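Number of protein chains: 2
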Amino acid sequence: MTPPPLSKARAKLIRSLQAAKHRQAQQQFVVEGAKSVLELLASDFHTDLLVATADFLGQNHETLVRFTGETLEASAELLASLGNLETNDTALAIARMKPNDPVTIPPDEWALVLDDIRDPGNLGTILRIADWYDITTIIASPDTVDRYNPKVLQASMGSFTRVTVYYTDLPPLLSACTTPVFGAFLDGENIHQVNFGPGGLIVIGNEAHGISAPVQSHITRRITIPRFGRAESLNAAVATAVICDTLRNRPPAGRKSP
Amino acid sequence: MTPPPLSKARAKLIRSLQAAKHRQAQQQFVVEGAKSVLELLASDFHTDLLVATADFLGQNHETLVRFTGETLEASAELLASLGNLETNDTALAIARMKPNDPVTIPPDEWALVLDDIRDPGNLGTILRIADWYDITTIIASPDTVDRYNPKVLQASMGSFTRVTVYYTDLPPLLSACTTPVFGAFLDGENIHQVNFGPGGLIVIGNEAHGISAPVQSHITRRITIPRFGRAESLNAAVATAVICDTLRNRPPAGRKSP
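In order, the protein sequences belong to chains A and B.
Counting in the working numbering, the first sequence runs without a single skipped number right up to 272 at its last residue.
Counting in the working numbering, the second sequence runs without a single skipped number right up to 272 at its last residue.
Bear in mind the hints are in silico, worked out from the structure with no lab data behind them.
Source: prediction; values computed, not measured.
In this text, a Cβ means the ideal position worked out from N, Cα and C, and glycines have one as well.
Each hint should be verified, as a subset may be incorrect.
Here chain A is said to cover these stretches of chain B; the calculated rule only asks that three of the stretch's residues, wherever they fall, bring their Cβ under 8 Å from a Cβ of chain A [claimed, not checked]:
id, region
1, 140-153
2, 166-176
3, 238-245
4, 248-256
Okay, chain A solo, but in the shape it has when bound:
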């Protein structure tokens, strides 16, 4: 049975979800691109609608027989006109946002805390890094970019399906925290000499201003990536990766087998 085509009203709704206010109102978001859509369908997100080319629907028949949402067929040209990202002429999906439920971090696990990360590429890349290093929880300040922003989803390369992001005011959360709170600064302890221990929070600051003063007062361990050359700083996502790689690979504490 051939799926029905996409109506103009539906196309308009999909395009509207590029804007944060419409996503918030609908509690839905758009996932673009074959890889991301397949990751979405394999995840615990609820997908309401799949729009894809006949080719995609044919090639992924086995995955799609388990999909209970609505499926519509569209031409590559129409698909390309629906998204705002780089060329996507294969598939997109509309899924439901998850509730912003408070998270609990067990004392032997790691979580990232993002203090006002504004660039969607950075947040997406940080989701991908967290997923690579098996850090499944991110706590983000209310001003951190929306995790459902299309550029965040794109840069996360599917990792948005496996990493929880909880938005909350950081100081109250940090003041109630009993595990170590590490913060990345330019003048802290060399990360390669730090005993990270079995778990805690790693705070990453804003791209331009670093960690804000109210959050700084809750940092229990100031850490630094040693600099060898002359750049003033590292990109926020890059710093996150170097810290995660170090804490996961530094024997013996903090170590976990890959």
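Following the hints, put chain B in place on chain A, whose structure we already have.
Below, chain B without anything else, positioned relative to chain A:
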């Protein structure tokens, strides 16, 4: 003496340099933003023209007395209309490209080799990473994005002034190379167990396709960043940073004091 204002013809020339073909024809490029412009003026690039607000010119008077190029004054509004990047209403400059001269890598130094890095944000971030880890030379395939692309310059945060990029066909260069050629793959030796030695080349592959077959045949050491979670891969710039951080900090070989 107040600098003269910017003419319409000059504004048109500046805007034209956003396109690679015009940069190539003029052998000039545009640097936008106060920080990048100040880094440019402090570098060994030849700057032909500075366009800035009266405020910028006043605040940087001491730096500018040594500047021998042409200086023009423009309003914040006009400056904002000249660039294609995020808000820049302070300063921009036109500088001369450097010749694409062959580079020599001493056997006890490191260089990065980029096999077709296409995303300007990635190249800029890699320049910043190289600068942080005191790697001053990058060798790039001819299809790697232009180092003078405005988004590359922006993402490099001034590091474009301190890192040389030499564009050349990679296989002949690698076949003539006598130092180790490390390549980042998903199935190589754990970077935390590699003896990097005192120097060599680190090859980073294309964002989507990794290291191309003709380049792969010249890799002498396949290395891997250990994965702990489920992301399929890391972003190219992120992988570069983790590798550079490891080779600079792994005692005893490859170590260099920060």
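Checked hints:
1. 140-153: Held - the region 140-153 of chain B has 9 residues with a Cβ nearer than 8 Å to chain A, which meets the minimum of three.
2. 166-176: holds (count 5)
3. 238-245: Coverage by chain A holds here, the residue count being 7 at a Cβ distance below 8 Å.
4. 248-256: Contact hint for the region 248-256 of chain B vs chain A: holds, 6 residues under 8 Å.
Violated hints are absent here; each numbered hint is respected by the structure.
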